Amino acid sequence: MARTQYDERLTTLRTDVVLLAETVLERYEDAVVAMATGDTRRADQLVRQDDEINSRYLALEQECTTLIARRQPVAGDLRLITASFKILTDLERIADLAVNLASRTEYGAAEIHDTIDIRTLGMTAGEMVASAVNAYETETSDACRAVAETDTGLDEDCETANRRLIRELIAERTTDSHDEREPAATVDRTTRALLTVRDIERVGDHAVNIAARALYMIDSDAKLLY
Amino acid sequence: MSETDITPDTGSTAATTTAGESDEQARDAWTEYRAAGETKLSVEDINVWYGDDHALKDVSMDIPEESVTALIGPSGCGKSTFLRCLNRMNDRIKAARVEGSVEVDGTQIYHPDANLVELRKRIGMVFQSPNPFPKSIRENISYGPRKHGEIEKGLLARLFGRDDTEAETELVERALKQAALWDEVNDRLDDNALGLSGGQQQRLCIARCLAVDPDVILMDEPASALDPIATSKIEDLVEELAKEYTVVIVTHNMQQAARISDQTAVFLTGGELIEYDDTEKIFENPESQRVEDYITGKFG
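Residue numbers (our numbering), protein chains in the order written: chain A, 1 to 226; chain B, 1 to 300.
What the hints contain is simulated information worked out from the structure, not anything from laboratory work.
Since we're looking at a predicted model, the values are computed, not measured.
We put the CB at the ideal spot given by N, CA and C, even for glycine.
Be aware that a few hints might be false.
What the hints assert, rightly or not - Here are the in silico distance ranges between beta carbons for each label pair:
1) B:116 / A:8: 51 to 57 Å
2) A:55 / B:232: 33 to 39 Å
3) B:229 / A:68: 18 to 24 Å
Generate coordinates for the entire structure from the input sequences, incorporating the hints supplied.
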């Protein structure tokens, strides 16, 4: 593989990672909206579409392996390929989390839980992923650090949401203790909401991982990895 | 510290990508000294001319003991010239003129009274093409120690009761074992060395170098004429030797430098040492954009 072809393949790799990220992000945001609006049709569609993400992820991972095997990359090339390799894994996990959200969507449920704003939490995490991928694409190290800072706020919001959900569950069990069915439904609803908050928080963590790998690629700075 | 007074560094601060600036930053960053061990070879402001051709310019570097230091760079960049400065092999080239200082364990090798025979015994050299003597495997090993008077053999030695056959046998076995060749040749020590394969001949040359008990081993592309299996054996051997010896190796194979060396020095066209640092740093995040372009194959 001549240097020109190699350069083309490196450029294509980066472009394909960004394209995969755009698809993953679109699916994730659709999953958040589907969950918030109770759109089970779109949710089912999202679950079925996950195979496509997996096969694109595996193809790109294979491309990284091939480039390592055939070119023994060093320096900036090495950092681009290893960062891409790791970012791909994060993207695949975000797609899995989108499937989790879609699987939890219930028909007609306007909100998963009326006391927490899933859509806002979900979109914040989505914006973090978009910023991290953009930083990877445009090689902007400041943007990588900004993603890590945003995550602190998201973690706090998720923690607040979790506390509120648990507090309300306890309060409802106290007031509705005479009704056997209602507490069970409340527990299910709260569990679903807690798991959703956890998944969104994890999407934020994956966004930070992507930003950390991008920062390593750009500046060989591994600070965000720890 | 002069502009090219280069020592290995632990820092990981990235440099900008402007060629001139990043070269400067690369040099400036190498102020914090961290060697694998004590300095074995200390080179300061070495300049070499071949007639009017200024082949090596103001090169300074400290080479730590018991480690592998790789010298890489495009053809004609001065890396072999630099290697030959380390045991004054350039003295043998009439047109060559060397200025500067090379110290081994603090002793100046370019001192007018330096004993060149002793120097080259202490700093051995292995060349690109295996060059065994057209003698037996045993004689190839014992030739050096016999020349240095460390082993006496033959009729006179026997007459005066100084026959060192036993010592020679031990020496041959030790050197061949150190060079990972003993198992392959111990049943044919009296066969002609030229009957060995290329890889075996090269390991014999390394064994021959070890037989005179050097401190430093200089290798000028020792595996470039060998197949991948023989190359792998040489590389394993180099790593093993670095536990006891200071190895300095010139290689065109950057993956080889990345595999086996502790420090890497990158020379670029014009006889300049551009960057010298831990091998991991050079191959993961070099300071100099010119070094990055060279090791990634964008030029050179």
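Kindly indicate which numbered hints from before are broken by the structure, ordering the numbers from low to high. Failing hints: none at all.
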